[in-house]
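Chains as they are written, first to last, in the numbering used here: chain W, 18 to 170; chain L, 18 to 170; chain P, 18 to 170.
Simulated from the structure, these hints should not be mistaken for lab results.
Careful: at least some of the hints might be erroneous.
Note that identical chains are pooled: a pair holds if it fits in a single copy or bridges any two copies.
As the list claims (entries may be wrong) - Listed next, the in silico SDA-like pairs over lysine to any residue satisfying Cα-Cα at most 25 Å (straight line):
# : residue 1 : residue 2
1 : K63       : R126
2 : K63       : R104
3 : K170      : G48
4 : K30       : L81
5 : K36       : T122
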Amino acid sequence: MDLHAKLASLGLKLPVAPKPVAAYVPAVRTGNLIVVSGQLPMVEGKLSAVGRVPSAVTPEAAQLAARQCALNALAVVGDQIGGDWSRFVRVVRIGVFVASENDFTEQPRVANGASELLGQLFGEAGRHARAAVGVNVLPLGAVVEVEMMVEVK
Amino acid sequence: MDLHAKLASLGLKLPVAPKPVAAYVPAVRTGNLIVVSGQLPMVEGKLSAVGRVPSAVTPEAAQLAARQCALNALAVVGDQIGGDWSRFVRVVRIGVFVASENDFTEQPRVANGASELLGQLFGEAGRHARAAVGVNVLPLGAVVEVEMMVEVK
Amino acid sequence: MDLHAKLASLGLKLPVAPKPVAAYVPAVRTGNLIVVSGQLPMVEGKLSAVGRVPSAVTPEAAQLAARQCALNALAVVGDQIGGDWSRFVRVVRIGVFVASENDFTEQPRVANGASELLGQLFGEAGRHARAAVGVNVLPLGAVVEVEMMVEVK
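All chains, please: the whole structure from these sequences, using the hints.
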């Protein structure tokens, strides 16, 4: 599978993996699992969307931000496997936290920004388990945070 | 172990596994682990309890909703193992998110609705690690969401 | 590695593992992974810090509370491996939930209380993946909750 060609066909490319914002690492491998740290919607070092849905960020913009988080997570995975995507087996799980006003209940729609990208890129191997929840606030005021667990060989 | 007889003795039965509310799958298996997506307290396609504890939902009702989430998660596990519960080894972890007013701090009591059911059904094999937290809002306004990791053989 | 000497050099010692506050167990082992339940900043059976950051708890105090959660999680790990830390391989992941006012966005700084301790104690083997988020409220009103996944042999 040529991930980069797939990304290009969607008008996307794998970013440089963001640096952690504190004292941890982007990912850890244990056995055949890579556990990726929670990713914010960073684009070239800056958050692409800040604040809660829907007061400060529309659901549509939050969905794009979730897609960016997933892209950043994949960049981290790519670093872990030395860019050799033939070693990628499947996405196991994503956890999606959406900064939400108390009455916003469409977290699944926001999280689909990440989920649909994974399906588009990997097909069957991108189909993942997911937990999506609302929270009142996220690091740096980000609108969404996505963590990921991936199986590799 | 006859799970269905155990359930019947508690006046319960395994529901049909709920369909995901968005672009992901109910569970993924990796190695001997099944990772189940976050389950809402769906009963025949409808949420059994909506809103925050305790303003809209009592702690007792939220506890029953957590039990329903666990039932739904087990239905998903059942599908993954083709209904052959001799392949079930143990529950490893549940994550419980409780939609909570800012001053409600009894999330453990709510989460016990899931935990106690697992103990009743599986005994030692149902004893699990757990993280239970409050959040301001959950998908579709659900009062509780439970994700699960199970070991199988 | 002499964990206890390292702890002593930091003026710390491993506490007695806290008992779960409800119907679950402190940790479950599956394969080479130990999954530790969410730990609160308990010190001798009492929460060391209660309420949200920064209204009720300063970021500095919350950081110390996160360190205490990590200590408690390590106490649980120690029990699982019978106190034989030569069986410890690495910390894989921590999840950090910080009880936050709506405008507090320094969850990474709070979570560093846990992360930096793990680095000080274990060096390379303490470098972990992390998800840190804000929530409106935690069990018993705790300011922070930390869950942990560890690889052992």
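Hints, one by one, checked against the model:
| no. | hint | result |
| --- | --- | --- |
| 1 | K63 <-> R126 | both (24 Å within a copy, 18 Å between copies) |
| 2 | K63 <-> R104 | neither (30 Å within a copy, 41 Å between copies) |
| 3 | K170 <-> G48 | both (9 Å within a copy, 11 Å between copies) |
| 4 | K30 <-> L81 | within (14 Å within a copy, 40 Å between copies) |
| 5 | K36 <-> T122 | between (31 Å within a copy, 18 Å between copies) |
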